[in-house]
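K.L.:
Read off the chains here:
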Amino acid sequence: MPIQHIKVLRNGTDEEELKVVETTGLPTWDADTKFTVVGRPQSRLEGLEKVTGRARYSYDVRLSGQLYAAVLRSPYPHARIRHIDTTKAEQLPGVHAILSSANAPDDITWYEEKSKLFDKTLRFIGDEVAAVAAESEEFAQDALRLIEVAYEPLPFVIEVEAALQPDAPRVHDKGNRVDEPTIYERGNAAAGLREADVVIEQTYTTQTAVHNSLEPHGCTAFWEGDQLTLWESTQGIFETREQVAEKLGLPEHHVRVVKEHMGGGFGSKQVPWKQTVIAALLSKQSGHPVQLMLDREAENLAAGNRNATVQRVRLGAKRDGTLTAILADIQVVVGAYMVGGEASEVNGMYERLYRCPNVRTEQIGVYINAGPCVAFRAPGHVEAAFALEAAMDELARALQLDPLTLRNRNYSEIDQKKEKPLSMPNALQVCYERATAAFGWQTYQRPAPTGPKRRGIGIAAHEWGGSGQPPAYAWIKLNGDGTVDVVTGTQDIGTGARTGLAQVAAEVLGLPIEQISVHLGDTAKGPYSPTSAGSSTQASVGPAVFAAAVEAKRQLLEVAAKLLEEEPERLEIRDGVVMVEGEPENKLTVAEVTGRLAPHMIIGQGARGPNAKDKTIRTFGAQCVEVEVDVETGEITVLRVVAAHDCGRIINPTMVDSQVFGGITQGVGFALTEERIVDEKRGLVLNANLEEYKIPTVADIPQMTNVPVNLPDLAANPTGVKGIGEPPLVPTAPAIANAVFDAIGVRLRHAPLSRRQLLAALATQAESIDKSAPPHTQEGQS
Amino acid sequence: MRPFDYVRTTTLDETCQLLGQDGDSSVRALAGGTDLLTLMKKEISVPTQLIDLKRLPDLPSGITSTAQGMTIGTLTTMTEIETNVQLQEKYPLLAEAAAVAATPQLRNMATIGGNLLQRPRCWYYRNQLVNCWLKGGDECQAQDGENQLHALFGGGPCYAVHPSDLAPALLALEATVQLRGPGGERMVPLAEFYALPEEKRRQETQLEKDELLLNIHLPGLPAGTRSTYLKAMDRKVWAFALVGVAAIVRLEEQKIVDARLVLSGVAPIPWRVTAAEQALVGATANEATFAEIAEFALADAQSLSHNAYKITLAKSLVRRALTMLTDEG
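One line per chain: the protein sequences are A and B, in this order.
Per numbering that gives the first Met the number 0, residue 0 is the first one in the first sequence, and the count goes up by one each step.
Per numbering that gives the first Met the number 0, residue 0 is the first one in the second sequence, and the count goes up by one each step.
Next comes chain B alone, as it looks inside the complex (with noise of 0.2 Å):
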């Protein structure tokens, strides 16, 4: 790690100003910490300067329940959320998908906020020997590479795919998140904040140099709707999806009359299947449908030539998780 400066600020502003003082990234926010060191050890990041949230009174942590749905502060931790029973009344999915991410000890540490910004996995991105694409390259190594753990949708030219156990079930939920930057602040849904890597921007969000994401906003759901997410993985706890998915499903009368499927460890950014969303809507709950929705859900999937495994994961998780969300009516 290249040494630096650790540095406490006082107010938003002033945060966001020293984050966007100069173009380099060499200004970076530290929380929880838990991807941030990782990345520093092998020198993708190089900052100069880390600003410590952890002691900025302004930014919001913790669960606070609104008029319809929730609010959770960025510096939330991911134990919080996995532990907090109003939350787990209210969107068991999120719950759950804190509780199967990383492990006890990084839950306690890791914070919301760090958990939807922090950067792929991908053991490319990760080598401090190669310069991939996503690190500013020319190439992607894993296209023609052990690509066994790459994307099947919104690959090219990055196929590292999204980390996060929480941003697919959040993203499933609609959420919005609450974004500050030096002109004041802005709401953007999940939706649209999580975007695939492009030329001039490679990185899988919207955020700004000198944003902060400060609350995620949950809206509520229909008396009924019932969720869950399942996660697929090398050994039974203690590793980043194969493949994730984040279901809500509301039934009347055994007809769908709401759905939402995301798939996560699928593409690099947290992958919503709408159509097949929507096909969902208005059919009869049985495995008949299921085993349509999920060969519906994965007929664009690309696979790479190690990957292709994880098409026939996605779609057992994906009639597995509408079967338990419609079994026992």
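Next up, chain A with everything else stripped away, as it sits in the complex (with noise of 0.2 Å):
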């Protein structure tokens, strides 16, 4: 493969790699290319398959033999396993395994090392107590119930403030601080402060969310020999792979990870949990396949969820708004355990988003006696964007600024940590313009108030990264019939990955979209591809079928030019077709030259190469939101939300509309009504279901619209994509509290923004409120 070559970095400078596919001699979509199937809508190539139902996912998995495994989980939010009989259950007809800590191995840790497979001591409730592999789940929770367990319960914990005091009950031995705090600062931002002619100092928090995908965690676990595979709801096969394979101390290339379908992740299956070791154990102790699968309960309880957060945010300004200081107190609070993956980084946007000389944050973990948090799209962010974004707001009412002049003021065009620029400086700007243009907010009118219902508007912004990075390998086979194999190690996690990774090699190969076949998700049959997390499945991967389709075009090119007699320079494939330049009568299709190589083939290799060096690849966007607000029942109504986002070039935006239109939805469940409601002194989570962990219905969703931003990116790949699967949920919610405050003069600053607390702000605020007219007038919009 002459575009490819290996170099070993034996003194990296940014980050040590050992191994650097470099792709310098790849083509480039640049700003003039002409597309035929990129920049289209495309419906799903999946489409049919998911509405018929025909689509598997990992709970459709029926083998053989197939046992059902259910799990004992802890009743006590702290507590000893004191004594464990397992006995009873092991006697009941049906039953074939049965692991706890009696029996289970006890050299496979989790959660960093602090906890074993089945450890003795429980952290909360949800915590794995023991399992079972029966002849049907009803046989499995017949047997669970004949489990005997002496607990004894221990002091424990569940408020963050209460955690941090120094008598507190230790979730762990050596506390309750995750580490030492993550300190950042630039220039002085005490300095900064004095400096400042305003300054807003507040303090926000958020709630504890539930990804409640809906597919659940699970999997289908089965060994034949030596050989284990499993059919995991996961977002990363091969890390699936890897560390299954080092728990159980087996070879990588005797585990083998499946992922046809997915409904949905959202950064909760970036890991392999307890459970996905725990199917394969009872596997070969039944010699059975075992199908795990959690319950909604299990879900909400014990398979992650976005950490809570307290920041005390300062922010300081001169007059005119220009930032002297922003500084962050941050507490994360992360339940349990911490448990890998993309991680928490609430401080990053504190220290991105905007042009400041004197920044200062501080974050710190919390362990509490409640499931363990992890990933959750757009980690960090979503939590740092309600507050900061809430602060900007309330800066600029300080001022007297409209809020989107304020951040036009302090729009930072650089990469402010690492001193670099940014690859697309204007970025955020086009999101700004475009946003607002199609939202009208320069020419907002307020309409009058009818009854007690007032109507307010609010913006917000974001940063995130999504550039994708190496490494991720992709094949393309050609067949004789002039079809098209991609073949990638990669995985759709819901996301229409393969339709995505089809339009790439459609239009490098000049073949129609029905041509193309993308395999996936196995990783016995496609080369490594990383985790899909960190919005970076396309940004990643495509490059990679890009850089493969390059390949086989010029294998392809090659074979054709000997026999059109030609040199394949001059050649050129459109629509199925290769053409010599000049000359249209000289001409043949893909297949009738595959058809003379048959059955040999041409195979494209492709790799993924690195993002430029010199510059910092992020992604941004903005989002304007209208809301009506009752102030005499605290109802919030979302009117309409508009979204603009950076995604670098945009393959196929039917599906970019998916991502902002999920985005939002869920950024409306964050901003109203989701929240894990957990009992302080009992430890007790009293909504782990969807009847009272409150998502929202379709009637709860505004109207809806996404203003493409097609900025192609080429610093980032030759593709020019970035990622938008996160950054939708970002703004969203910031963005309706400042549209709240902007109705009716309220400032909510706890997510999510409830009947309850609204209706005690406006009880007690009740004398600084006119409800015959809007608390302010429409100067503050101009």
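The hints are simulated quantities; they were obtained by calculation from the structure and are not laboratory data.
Quick reminder that beta carbons are idealized off the backbone N, C-alpha and C, glycines included.
Wrong hints could be hidden among the right ones.
[Unchecked claim] Facing chain A, according to a computed beta carbon distance under 8 Å, are these residues of chain B, among others:
no., residue
1, D4
2, L128
3, V236
[Unchecked claim] Derived lysine to aspartate or glutamate pairs resembling EDC-like cross-links, with alpha carbons at most 20 Å apart:
no., chain 1, residue 1, chain 2, residue 2
4, B, K40, A, E137
5, A, K586, A, E565
6, B, K235, A, E137
7, B, K40, A, E565
8, A, K586, A, E568
9, B, K41, A, E690
Hey, can you piece these two chains together into the complex? The hints should help.
P.N.:
Okay, structure coming up:
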């Protein structure tokens, strides 16, 4: 492969890389490129399978002799198992295998080695105590009831402030602080505050939110000889393979992980959880395939959540709005354990989003006796945006500036942390312009109040990664009939990865998309691709498919050139036909070329190259929201959201819309209704279900508009694509909170903005609200 | 869920006999199952036998007009109540209450009998790890716990709220329930049928173990009577009421001559505010009156640590309902 070589950096400067795939020889899709497939709406290739119910999810796996597993979970927020007896359960007909701390391997650890697979110390309600594999789910449940456990309840702590007290019950022996605080400072933040004409100082809190993917976590495990296959609901088939192999002491080629279709993960399936290895061990013990799917309660208790935060924010600004200081003291409530995967960097957005010479952040993780957190769609950023973007709104009000004006006044064109240029320094500017123009921000006329109902508007911005990165690999196989198999070891977590990757291959090869099949989701059948996290699949794997297709095309044209007695450089493929430049009669279809070659085959291999080193690649976005608030009943209705998000080149506008609409939907839930409720006295999770954990319904969703921002970023990769999966959720909640303030003059600083909070705030601020007129005039919006 | 036997019976007598055959609630009647099955999955109810009422030919279903009012058979689905044209005309609040309850799928399955007999949604009661007072335990954990969804009236020892949207509407309509036991039938006004749980009867109704609910009888309403059911939820649909209000008003020349107000989501049973009703009668229909009445209706409310917002909410809904019902004459 002439376009790739491997180099070893012995003294890497930025981050050390032992293997770098250079792809400098590749063409790029620059601004002048004409497209036929890319950039056009394309319905999902797997859509028919899904709507007809044929698409196979983890739960749909049915193997001969399959058993069903159930897990006994801790009924205490903190306890020690004194004694466990599974004798009666073992005797139940239909039960094939039982695992607990009494018989499970003692050397398998979890959660940064803070817990064994079955630990005798339980640190949250839902922690695994034992597991049973039986001939039906009902048998397994019956068996769980027969397991006798003597628990010694231990003191526990749920509330973050209580957890930080010196005499608090200890979640772990070393205490409740995850680590030393992470401190970042540039300039002199204290001096920056002193320079300020106006200082905003407020504390904001965000709740524990649960992913509640439609498809719960779980897998089916089956051993055939030494070979373990896992049909796992995961965002990372290779990550799962590596971890399971390591935990079980297996060579990686003896573990195969399969994920065909997925009902969402949102970060919670970035890492394998205990149940994956439990299923594998139960299968080994019983000699049968074992399926272990979590139910909705377990999904809410023990499969991850978005960490709650407490954020004390201080902003200082000059009278004209120029920021002089940004300070944030952040507590991140991680639950009982650290899980791994993407970190929740709440501090990051404070450090990057606005131009400011003096910034100080301090972030600390706090353990409590509740289910562990894990990455959740834009981890850290959703939490940070709720606080920072509200604080910016408060600052704008204090300065009597339009919130948009304040943001523009503090626009950053560089990466202030690394002192490097941004690859697309005007991207956020474009987002502001397009979102506000489509929304009508500048010209908004507040409707006269109708009865108790008040309208208001709000804006919020964000930044995020999403550049994608190496490594990722793909193969392109040209079949004898001119059709194409794209093979890669990525997974489609529900975003439509198959379709986006097929569009890239079809574009490069000049073929209609019907001639492309994408095969993914199987570690045994495709080359390595990274975990689908960080909004990176299309931006990481797409370029590998691009490189493979370029290579396949090169080989194809070499063959075609011989057949046509032409130079390869003069050939082009359009709509499945190889043509000679300027000679319309001299042509062959791709199928004719591959047919002549068959059964010999053209195989293109591609790899994801490195990102540009001299620039920082980020994504940006802005959303404008209009709400209506009923000041008598505390009902908040989100009327419309207009979003503009930079995601580099848009491969498929329909799928980008889907991500934006899905993100806004989750944002509405985060803003208004979603919250894990825990009784602090008893440690009980009270709403581990979809009845009282309220995700938005269709009726809660506003009119949503996604304004396309198509800014190819060639610093990221030759296709110019960046991620869009996570960002659309980030600005929604603060934009809603800001709009609520705009409507009624009441600032709600605690997510979610429940009726309880709003009505309480209205009651205390009743005097300051003139119910007959809007709380402030149109001038503020100029 | 624990294993159970599924049983079909052919007569009401046989059914009542079976239901009463022992004292430990091991036999339960199954209609739509939308509440019972959730209780069984959480092992809050652990019957060994389920009698399928939907196969019982003598158990009434459907809506029929009577000389003065209407009769609703116990197996009538919520969807039927929501969409029945005669009922919509005569008792709009009842159709409105059905329309905002649960989800379309649940309304297709759930029966009115089951709806009236459903158990509270209290998240302590529904939690398997908690033995709350209502389940036979010693204390109500909500009293000093997460009680944002809990009672303002009639609380203690249990602070759960009654979850039905139909019950407050029916109470406002002064409905009577027709019950059938082994000894025959009895008619009980809904106002008596619902009773605050007490030490020896830890449930929300006077229904005996061996009794079946057969019919709901609705008396007629004088011409010109207007009614509505308003419901505040955490989200737009598919949630139980934070607070609801069933209101019935009849006006004569801007004077209120009849009024009924029942609150939901505020007490262990649907909560009629009789004193506020009486204060309305004879009053002039205007905002000042309604504000006073709203204050009056909630005067005895006792908030817990997290549910004071419900008082504001209930007052707003009462004012709003009365305003709506007296608008444009």
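K.L.:
To test your reading of the hints: which numbers does this structure violate?
P.N.:
1, 6, 7
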